[in-house]
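Protein chains in written order, with this note's numbering: chain S, 249 to 690; chain L, 249 to 690.
Heads up, some of the hints might be wrong.
A pair holds if it fits inside one copy or across any two, identical chains being indistinguishable in the list.
Here are the simulated lysine-lysine pairs, BS3-like style, with alpha carbons at most 30 Å apart [what the hints assert, rightly or not]: (1) Lys687 / Lys388; (2) Lys507 / Lys338; (3) Lys454 / Lys315; (4) Lys372 / Lys687; (5) Lys687 / Lys454; (6) Lys277 / Lys372.
Rather than coming from a laboratory, the hints here were simulated on the basis of the structure.
Small disclaimer: the values here were computed from a predicted structure and weren't measured.
Number of protein chains: 2
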Amino acid sequence: MNSPIKEVDVIDLRVPTSDTLLGSDPFHKKPNYSVVLCHIHTGDGLTGISVNFTAGAGNDWIAHGVKDLAQLVAGRTVEEFIEDPGAFHKLLIDHHQLRWLGDGVARMAIGSIVNAMWDLWAKKENKPLWKLLVDLAPEKVVQCIDWRYLRDALTPEEALNILAQAREGAPAREAQLRQRGPKAYSTAGWLGLTDAQIIETIDAVKASGLDCFKMKVGGDLGQDRERLAFIREAIGPDALLMLDANQVWGVEEAIAHMKELVEFRPTWIEEPTARDDVLGYKRIAEALAPHNIGVACGEQVPSPVLFKQLLESGAIQFCQIDATRLGGVNDVLAVILMAAKNKTLVCPHGGGIGLCNMIRHYALWDQIAVSAHSNGQVVEYLNFLQDDVFIEPIVMAKGAYVAPTTAGWGLEMQRDFIEEHTYPTGAVWQGREESGSIKFLA
Amino acid sequence: MNSPIKEVDVIDLRVPTSDTLLGSDPFHKKPNYSVVLCHIHTGDGLTGISVNFTAGAGNDWIAHGVKDLAQLVAGRTVEEFIEDPGAFHKLLIDHHQLRWLGDGVARMAIGSIVNAMWDLWAKKENKPLWKLLVDLAPEKVVQCIDWRYLRDALTPEEALNILAQAREGAPAREAQLRQRGPKAYSTAGWLGLTDAQIIETIDAVKASGLDCFKMKVGGDLGQDRERLAFIREAIGPDALLMLDANQVWGVEEAIAHMKELVEFRPTWIEEPTARDDVLGYKRIAEALAPHNIGVACGEQVPSPVLFKQLLESGAIQFCQIDATRLGGVNDVLAVILMAAKNKTLVCPHGGGIGLCNMIRHYALWDQIAVSAHSNGQVVEYLNFLQDDVFIEPIVMAKGAYVAPTTAGWGLEMQRDFIEEHTYPTGAVWQGREESGSIKFLA
């Protein structure tokens with residue numbers, strides 16, 4: 249039966265997380281975690297869902313874009329998408345006028361539409377998204393990807409080979425990951441928290457079975473050193489410790505600062521500098537390699553072409569794909585395949601609202617069907633904005649994600665949460681509209 | 249007297265240029281040249297103006313953003329901007345929530361506000377923008393720039409030295425450029441035109457005194473060769489010939505295609521591949537250097553950090569700064585200074601609506617006060633959408649821009665043009681609203 253796109257419903261949801269400073273970093277001092285929630289309704293009663301995360305102000309910019317894109321896809325069918333997901337993706341990515349807008353807002357808005365279409369496809373097949381991906385023929389995966397700018401780093405033939413080789417042992421890995429899913433890690437050291445709050449967070453993270461911890465750095469060096477000593481002691485000498493600077497440094501500054509933190513044995517420094525500084529990342533990676541510190545980034549890398557360069561030049565050792573930064577599943581498949589070719593670990597970026605719910609699917613696909621292993625490929629996890637938000641919140645067990653079993657992404661939200669947090673009309677924002685807007689300063 | 253920002257007026261203007269295919273290229277097959285026209289009105293009766301060019305659909309995305317940013321700057325004063333233009337720029341670029349949106353739409357929208365503030369500053373001093381820039385103390389220029397991610401390629405001290413050295417001979421160069429402004433070049437070979445139309449365009453371009461011509465390439469190789477032979481003959485053996493592929497190729501493809509065009513002696517190949525592929529551009533530049541073909545790009549380079557890498561790695565030989573792609577004057581000053589350090593020629597990108605009107609100011613500043621020479625630094629010029637659009641259209645003489653003398657950018661538009669082209673309510677769009685929208689497909 250044909251499923252034509254009948255209506256695209258776009259909702260601007262914001263949560264006043266700035267009240268607690270959870271999620272704070274050197275730049276995003278008072279984020280209000282927000283999503284553009286997109287429902288694509290088909291004529292035959294199906295609903296595809298996606299979310300697009302932002303830090304608050306600007307959420308409406310993406311919502312505006314998604315509403316415009318909705319006009320472009322109206323009347324097209326889910327079958328047409330399934331028949332050639334690459335052509336559908338290209339219709340949006342290469343739109344002959346819209347393309348001028350570049351990446352950023354435009355590519356993120358495109359991702360909203362594309363990801364909701366994948367939700368519809370998975371629901372048609374009654375599979376969670378990861379399982380839909382795992383079961384796709386390699387040729388179908390290749391058909392999803394926009395190869396125009398990627399062939400010099402990875403050819404479609406190489407992608408087919410990677411996927412074909414990964415078929416060996418895939419059923420066993422799938423069975424294993426259904427028992428115990430991708431290993432998780434969490435942030436314990438938010439910049440805005442007191443020492444007592446950090447100990448509390450670490451204890452909670454430990455209690456959930458995790459043994460890898462991330463800490464925000466990038467303020468005063470002395471303070472970073474003090475807090476790092478404190479955290480390293482709290483987590484113990486064997487736990488993995490990751491650092492995240494959220495792009496606060498220049499290239500030289502990043503190298504100098506990190507050299508002063510070597511003794512705390514961090515596994516990686518995440519976003520040491522600007523999201524698009526390939527050559528800068530390369531120099532930082534080369535400077536820190538002798539100290540066994542890797543470089544990670546991805547949550548703000550705005551295009552597959554930038555990922556291509558970061559991966560092929562060895563500028564990053566940890567590839568932090570994000571669920572809503574790129575133009576949807578099609579783009580992310582390409583990045584995961586390029587990471588596999590370069591044998592770079594895939595450690596997806598989570599947090600926000602709904603990001604963890606989405607990235608678990610990518611981690612499962614990667615570990616079962618692409619890189620074909622789980623060694624060192626930890627997936628970010630943050631234990632907030634789940635239970636009150638999603639109808640089926642993420643389930644964790646023994647420090648690992650539990651593989652989801654319901655059809656699609658699993659992004660269905662609770663009606664109450666949606667109504668209360670719709671910006672600026674929801675109950676939560678009544679009388680405080682301005683604190684959810686661009687006028688709210690850190 | 250204090251000039252507080254009282255009102256920001258944002259208008260979505262679109263011109264149905266798709267009717268004629270002027271402006272067509274491999275991706276933008278039927279562009280409708282459009283601008284977001286931004287007027288910042290102050291409490292004491294001044295008006296700052298900026299335009300932000302797009303290819304049609306998506307113009308409203310930027311307009312939406314500029315309207316949101318207007319809330320952020322409301323009540324701030326022009327004096328505050330003049331006192332510390334860098335701090336004002338940072339308020340927008342590093343907004344603690346908006347920053348999540350990355351570049352693209354967000355940085356372009358920021359550019360709208362910033363450029364209108366510069367217009368106000370120039371009007372306060374009763375100088376054309378180029379003259380305001382030429383007269384700025386080097387320390388003031390340095391204060392405008394966000395150095396966070398640029399210091400590894402250019403330090404503020406190096407920038408001061410470049411500007412100080414360029415003071416020598418500056419009055420003479422200024423006098424000379426007031427006599428005959430920056431040399432221009434123009435596109436004669438649009439993809440959508442017939443041979444007869446191209447000859448007509450070349451004749452018109454020659455008649456205006458120009459001897460450099462650009463041609464769009466990137467279709468079928470045989471057709472490109474045929475048309476190039478035809479154009480090379482029409483312009484003569486000594487005229488400079490530039491080629492522009494508008495990002496249609498992958499890296500290998502670009503190299504292979506261009507090697508087949510060596511005999512036509514192109515000066516540069518513009519945008520041979522993706523706007524953000526620094527490593528790709530570098531490989532293309534290295535492959536084409538032995539054939540004396542340079543690489544050019546910039547009109548879609550979305551951040552100063554990407555320009556930094558393109559310049560420092562020798563990936564481009566021609567730096568095509570654009571007037572509305574980055575976050576306004578502050579960003580462009582940084583790029584021009586980095587180009588000067590790398591001795592890369594600055595050949596600004598024009599066309600669209602209002603871009604030529606803006607870039608002439610940058611070219612004048614660069615040639616008088618930064619690179620301090622005019623050799624080979626040609627500035628793009630397209631002779632449409634001037635006379636019926638601007639109150640003071642661009643004046644060309646003997647193939648060169650005439651230095652403007654009125655205060656500000658000189659972007660004041662004719663009231664009739666604004667009213668007729670306002671989208672979708674203007675007379676031009678009545679009954680054809682859809683052909684100006686995202687639904688209009690190539």
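Looking at the structure, which of the earlier hints fail to hold?
3, 5 and 6
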